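Engineer: The chain contents come next:
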Amino acid sequence: MEPMTEGGAELPQGAYLASLAGFSRMTTKRLSSVLAHLEPRDAFAAAVGDVRPPPDIAALLAKDPELAAAWRADKSARDPARCWSQCLETGVSVLSRLDERYPAQLLDDPAAPPVLFACGDLGALDARRVGIVGTRNATQRGRETAAQFGYELASHGIVVVSGLAKGIDGAAHRGALAAESSRPVAIVGNGPDQPYPKQHAALWAAVCERGVVLSEWPPGTPPDAFRFPLRNRILAALVEVLVVVESRERGGSLITAREAADRGVDIFAVPGPVDSRASAGTNQLLCDGAAPAPNVDELLMALGLDNRRAGRSRVDLRPLPHGGAADIVRLCREQARTIEQLSLLAGLDLGEAAMGLARLEHQGWLRETGGWFETIDVWGDLG
Amino acid sequence: MFASISSAVLIGAVGQPITVEVHVGKGLPAFNIVGLPDESIREARDRVRAAVLSSGQDWPRQRVTISLAPSQERKTGSGFDLAIAVGVLVATEVLTRESVEGLAFIGELGLDGSVRPVRGVAPMVGTLGESDVVVPVESAPEARVVALGKVRLVRKLSELVDVLGLQMPWPDHEPSARPILVAPVADMSEVHGQPLARLALEIAAAGGHHTLFVGPPGSGKTMLASRLPGLLPPLERDRALEVTMVHSAAGIQLPATGLVDRSPFRAPHHTSSMVSVIGGGSNVVRPGEVSLAHCGVLFLDEIAEFPASVLDALRQPLEEGVVRVGRAKVNVDLPADFLLVAAMNPCPCGGGGGGPGDCVCADSALQRYSRRISGPIVDRFDLRVPVMRPAIDELLATEPNESTVVVAARVAAARLAAELRQGSLNRSIRVRDLDVVAPLDSDARAVLRRELESDRLSGRGYHRVRRVARTIADLRDPGASSVAERDVALALEMRTGLRRTFRVGRAA
Numbered sequence: 231m232e233p234m235t236e237g238g239a240e241l242p243q244g245a246y247l248a249s250l251a252g253f254s255r256m257t258t259k260r261l262s263s264v265l266a267h268l269e270p271r272d273a274f275a276a277a278v279g280d281v282r283p284p285p286d287i288a289a290l291l292a293k294d295p296e297l298a299a300a301w302r303a304d305k306s307a308r309d310p311a312r313c314w315s316q317c318l319e320t321g322v323s324v325l326s327r328l329d330e331r332y333p334a335q336l337l338d339d340p341a342a343p344p345v346l347f348a349c350g351d352l353g354a355l356d357a358r359r360v361g362i363v364g365t366r367n368a369t370q371r372g373r374e375t376a377a378q379f380g381y382e383l384a385s386h387g388i389v390v391v392s393g394l395a396k397g398i399d400g401a402a403h404r405g406a407l408a409a410e411s412s413r414p415v416a417i418v419g420n421g422p423d424q425p426y427p428k429q430h431a432a433l434w435a436a437v438c439e440r441g442v443v444l445s446e447w448p449p450g451t452p453p454d455a456f457r458f459p460l461r462n463r464i465l466a467a468l469v470e471v472l473v474v475v476e477s478r479e480r481g482g483s484l485i486t487a488r489e490a491a492d493r494g495v496d497i498f499a500v501p502g503p504v505d506s507r508a509s510a511g512t513n514q515l516l517c518d519g520a521a522p523a524p525n526v527d528e529l530l531m532a533l534g535l536d537n538r539r540a541g542r543s544r545v546d547l548r549p550l551p552h553g554g555a556a557d558i559v560r561l562c563r564e565q566a567r568t569i570e571q572l573s574l575l576a577g578l579d580l581g582e583a584a585m586g587l588a589r590l591e592h593q594g595w596l597r598e599t600g601g602w603f604e605t606i607d608v609w610g611d612l613g
Numbered sequence: 145m146f147a148s149i150s151s152a153v154l155i156g157a158v159g160q161p162i163t164v165e166v167h168v169g170k171g172l173p174a175f176n177i178v179g180l181p182d183e184s185i186r187e188a189r190d191r192v193r194a195a196v197l198s199s200g201q202d203w204p205r206q207r208v209t210i211s212l213a214p215s216q217e218r219k220t221g222s223g224f225d226l227a228i229a230v231g232v233l234v235a236t237e238v239l240t241r242e243s244v245e246g247l248a249f250i251g252e253l254g255l256d257g258s259v260r261p262v263r264g265v266a267p268m269v270g271t272l273g274e275s276d277v278v279v280p281v282e283s284a285p286e287a288r289v290v291a292l293g294k295v296r297l298v299r300k301l302s303e304l305v306d307v308l309g310l311q312m313p314w315p316d317h318e319p320s321a322r323p324i325l326v327a328p329v330a331d332m333s334e335v336h337g338q339p340l341a342r343l344a345l346e347i348a349a350a351g352g353h354h355t356l357f358v359g360p361p362g363s364g365k366t367m368l369a370s371r372l373p374g375l376l377p378p379l380e381r382d383r384a385l386e387v388t389m390v391h392s393a394a395g396i397q398l399p400a401t402g403l404v405d406r407s408p409f410r411a412p413h414h415t416s417s418m419v420s421v422i423g424g425g426s427n428v429v430r431p432g433e434v435s436l437a438h439c440g441v442l443f444l445d446e447i448a449e450f451p452a453s454v455l456d457a458l459r460q461p462l463e464e465g466v467v468r469v470g471r472a473k474v475n476v477d478l479p480a481d482f483l484l485v486a487a488m489n490p491c492p493c494g495g496g497g498g499g500p501g502d503c504v505c506a507d508s509a510l511q512r513y514s515r516r517i518s519g520p521i522v523d524r525f526d527l528r529v530p531v532m533r534p535a536i537d538e539l540l541a542t543e544p545n546e547s548t549v550v551v552a553a554r555v556a557a558a559r560l561a562a563e564l565r566q567g568s569l570n571r572s573i574r575v576r577d578l579d580v581v582a583p584l585d586s587d588a589r590a591v592l593r594r595e596l597e598s599d600r601l602s603g604r605g606y607h608r609v610r611r612v613a614r615t616i617a618d619l620r621d622p623g624a625s626s627v628a629e630r631d632v633a634l635a636l637e638m639r640t641g642l643r644r645t646f647r648v649g650r651a652a
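Going down the list, the sequences are from chains A and B.
The opening position of the first sequence corresponds to residue 231 in the working numbering, with each subsequent residue numbered one higher.
The opening position of the second sequence corresponds to residue 145 in the working numbering, with each subsequent residue numbered one higher.
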């Protein structure tokens, strides 16, 4: 019997795709083989055991009896009608590889997701695309750099692709959104309807509105740790140039870089201080042959665009510090400083140093994290 | 056939006079103790009988009844042994009633008749007032510190019988000089670098402000905290007596003089139980670490590892300076007016090298970690100081820093200024007195207004910052009448600096 919607109309194929993609222990590979030779509706029926499965699905289920049982239970747990109404409610479109809106860049990819869920306008992917990625635990300077790159690239009409994570990713998108008529693209590791991390809810909504948020997981999928490395390959496959702003010696952004290198994407890394842990991974990338990206011009050249700066640089409205305050800002610009180092280097006692720091922090020149003071540049409010 | 002997019992950390009444009369030979004794007192029957026999005296073949009056109070401990033995000897007319007049007896008996020390001699002697006391030799120092009458020392019951029987004068025992276990107080000059943390210690000592050190492992948080007692002034006699009473009641070793005149430093391990930190026990209420740190420093290393229940139980003593321990059979107030110093890592991974971007903790782990210390406890810390690992140059520096003596002099001057101004530590300035005793100059007021407007400082934090700023001003110049901008800026830095470490709302 065909499942029917309330109105009696037959459910679209997308409903079955949305249901199947969220099955327990579903992987890209399993989903690909389930959908390999069948229409989604028939694939669903086969996967839950309503009809006799074709040989490749049967092999899959025979290998793992627990999986077969879990999928049988998913028949009601992932009811296609409910999955479909969830997609409709959250405004998420479901794209199979046959869909004409499915990103062309992914069609030839060896690990392309068989189904994509998109929130926003996929037309954004038609422009030139640069990926900006980096650590979640970034320094103030790293976030500012990401925001600046995001803004300047977006001002050139280039689409900024990132992951909407904390730190570098978020800063890149905030920078991109600050440019007029930019269309940012985000590849996320959970359902495209669920902002994660929570503090990025507004940013997430803005990206959905102006660009698009893409995921291979259906609406309602929680942000499990294992999903994030997987999304990196999609990001890598979608960009023409990838820049890693800050990364530890191990980290998700290095996985993205490796995936990108496998696909022949140009990789750039922002050079950082040799003693900064947040730049250990990017500096290693440079050693391994990535191109340095001290500014956006290099990225533009890699895209074959000239380096004329189309975007105006931002105007700094902050009162210029002078005297001892200027010293403090200069010292903090060199590297993050503690109040003790500042009092020693600037020749101030702790009281004077605290006074100067409080004023500068209030004027927006400095920001404190765990006792370390870092300068905020003109991109600071986006970082 | 009746005798009445003075003694005392320990309840919590205070003594209470007890009259030990002994009746030896007709009836089958028996030995009973009444007056709500606990198991340790009931066992006194066997100890006392053996001790009397070992001392060459006869045990009456009659009915012996002991009453501990007032009888409605529950009593505990082995300190009545000596009084019971003397009572029996008076009742059997081995000793005269006159010989024990004006004397009180405290001490435990061994089976061989030796007199042994008990804990809590100081508070017990203190409660006995003018009467002369007979105590074990080992308890001499603490008894002498508090006694108003004469302190008589005995080693053996037989010796006491001879003295009271006028066979010999009071013996002239001196307790053997014990090795001094108190480690010499560590000196501030050994701390290399760390100017901010050093200053925080000075402020904490001067104003009594509770302090939290946050820094990666190996940055010297524990070393810093252990220097704090040296900065506190010696205890005045009244306070020293209070501390001595508590330490005596807890049975921990007292200094050779018997009087605890230095601020104690207590550092319980984070696995310590609620009872050991707060005080209590099922029948016998013992002072906890908070009471042992009375008038001194309670140092909680790795505060985030302490059970939340223990930390939350600290709130009441922090507020009132007293712990109220209630049990079914007994309610006791224990003094607990301490300076709280705590140390913790910035995050579970220890913060890597300590710089921004060095931490490798997952968000969820960070959140769990910062939730371990509840907001109300974090709020109690007026000073929250980041401690960084000192640079290698600083560690190798040969030039010594300011020594404890120099810093302690400034602390003493600041404490005196506070005492003369408002009669209390700056920590306890009442909110309504702040404008009088800690007026702000206009720049300082502007700084605070700015912080309040930008929502980085809460209303409660505002008052706390003002108190700390008052202390900083006192240290800068004990005669300073008002609080300047730099004082407030420094106080703010120490209050709000780590607000991102504790995600306890936005404002500090």
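Worth flagging that the hints you see were computed from the coordinates, not collected in a lab.
Since the structure is predicted, the reported quantities are computational estimates derived from the model, not experimental observations.
Built from N, CA and C at the ideal position, the CB exists for glycine as well.
Some hints here could point you the wrong way.
Some chain B residues judged to face chain A by a derived CB distance under 8 Å, without partners named [as the list claims (entries may be wrong)]: (1) Ala174; (2) Phe175; (3) Val591; (4) Leu596; (5) Ser598.
Take a look, some chain B residues computed to stay more than 10 Å from chain A by CB distance [to be verified]: (6) Ser258; (7) Pro339; (8) Asp502; (9) Gly567; (10) Arg594; (11) Arg620.
Computed, partial: chain A to chain B, Cβ under 10 Å [as the list claims (entries may be wrong)]: (12) Asp280; (13) Pro284; (14) Asp286; (15) Arg371; (16) Gln424; (17) Pro427; (18) Pro452; (19) Ala455; (20) Leu580; (21) Gly600; (22) Trp602.
Engineer: State for each hint whether it applies.
Structural biologist: How the hints compare with the structure:
With a least beta-carbon distance of about 72 Å to chain A, the hint placing Ala174(B) at the interface is violated under the 8 Å criterion. Because the smallest distance between the Cβ of Phe175(B) and any Cβ of chain A comes to about 68 Å, over 8 Å, the interface hint for this residue is violated. The criterion of a C-beta within 8 Å of any C-beta in chain A is met by Val591(B), whose closest approach is roughly 6 Å, and the hint holds. With a cut of 8 Å, the hint placing Leu596(B) at the interface with chain A is violated, because the nearest CB-to-CB distance is about 12 Å.
Evaluation of the Ser598(B) hint against chain A yields a held restraint, the C-beta minimum of about 7 Å falling below 8 Å. Here Ser258(B) stays apart from chain A, with its beta-carbon at least about 59 Å from theirs, past the 10 Å limit. Consistency note on Pro339(B): stated as away from chain A, yet its beta-carbon is not over 10 Å from all of that chain's, at 5 Å minimum. Annotated as non-interface, Asp502(B) brings its C-beta within 10 Å of a C-beta of chain A; the closest such distance is 5 Å.
Listed as outside the interface, Gly567(B) is consistent with that label: its C-beta sits roughly 27 Å from the nearest C-beta of chain A, beyond the 10 Å cut-off. Listed as a non-interface residue, Arg594(B) fails to keep its Cβ farther than 10 Å from every Cβ of chain A; the least gap is roughly 6 Å. With a least beta-carbon separation of about 7 Å from chain A, Arg620(B) fails to lie farther than 10 Å from that chain, contradicting its non-interface assignment. Nearest Cβ of chain B to the Cβ of Asp280(A): about 39 Å, over the 10 Å cut. The hint is violated.
A cut of 10 Å between beta carbons decides the hint on Pro284(A): the least distance to chain B is about 42 Å, and the hint is violated. Taken as an interface hint, Asp286(A) does not check out: its beta carbon lies about 38 Å from the nearest beta carbon of chain B, beyond 10 Å. Satisfaction of the interface hint for Arg371(A) is found here, the shortest Cβ-Cβ separation to chain B being roughly 9 Å, below the 10 Å cut-off. Because the closest C-beta pair between Gln424(A) and chain B is about 16 Å apart, greater than 10 Å, the hint is violated.
Nearest Cβ of chain B to the Cβ of Pro427(A): about 7 Å, under the 10 Å cut. The hint holds. The closest approach between the C-beta of Pro452(A) and any C-beta of chain B is roughly 13 Å, which is over the 10 Å cut-off, so the hint fails. At about 8 Å, the closest approach between the beta carbon of Ala455(A) and any beta carbon in chain B falls short of 10 Å, and the interface hint on this residue holds. The restraint placing Leu580(A) at the interface with chain B holds, with a minimum CB-CB distance near 6 Å, inside the 10 Å limit.
With 10 Å as the threshold, the beta carbon of Gly600(A) comes within range of chain B, its nearest partner Cβ sitting at about 5 Å, so the hint holds. Interface hint at Trp602(A): satisfied, since its Cβ lies 5 Å from the closest Cβ of chain B, which is below the 10 Å cut-off.
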